[in-house]
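A.B. asks: Sequence:
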Amino acid sequence: MKEKCKFLWKDNDGMSIVELLVIMAILAVLVGISTNLTGYLSGKQARQCAYKLEAAISEIRMETMSKSTGEKESVYLVIENVDNKIYAKQMIKGSEQKDLIGEKVTIQAVNNDGASVVLAEGAGFPIYFNRATGALLKDSIPFAIMEIQQGGVTYSLIIEPTTGRVSCERK
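Going by the numbering used here, the letters in the sequence shown line up with residues 1 to 171, in that order.
Computed list of lysine to any residue pairs in SDA-like fashion (alpha-carbon distance at most 20 Å, straight line): (1) K104 / V78; (2) K98 / G124; (3) K52 / L119.
Here are the simulated distance ranges between beta carbons: (4) G94 / A28: 48 to 54 Å; (5) L20 / K98: 46 to 52 Å; (6) K85 / A25: 27 to 33 Å; (7) A25 / D83: 31 to 37 Å; (8) A123 / L20: 49 to 55 Å.
Read the hints as simulated data drawn from the structure, not as lab findings.
Backbone N, C-alpha and C fix where the C-beta goes; we use that ideal spot for every residue, glycine too.
Produce the entire structure from the sequences given, and follow the hints as far as they go.
C.D. replies: Okay, here's the thing in structure tokens:
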């Protein structure tokens with residue numbers, strides 16, 4: 001006669017479908033939290049905002065050089081903070097185009113002397129370029145460096161004042 005192992009339970013019926021669904025729901029929540037945390041720690045929003053802002057500045061510079069009438073107000077860009085969302089508002093000959101370029105990020109403009117200004121709620125930074133040379137106009141923001149921050153990650157957008165060329169780098 002064979003003896004049953006003493007460590008086996010007599011009423012081992014397995015798991016019910018409800019228990020299995022509860023475990024799957026808990027795992028789904030944990031995966032979602034870890035994915036969002038990974039994105040935050042890697043500075044994904046800051047990177048996307050920096051690259052979109054670089055593209056918007058380059059585009060408005062090219063539009064200024066091609067479509068501007070020579071007047072300062074004909075083509076320009078305003079970077080705005082509305083409800084803690086960063087928008088790039090392009091003004092081209094009276095028509096306005098507003099694009100969302102970032103959320104949950106902080107933009108800080110820094111000049112060559114080290115003075116800085118944070119883009120506050122409801123505020124904006126205007127950017128104007130010279131039609132002939134593409135250089136940053138003096139009426140534009142006096143800050144040639146914009147730092148986009150999220151968590152511990154910072155990206156720097158550097159606008160060369162004499163040429164208007166924009167570059168982006170991670171700090």
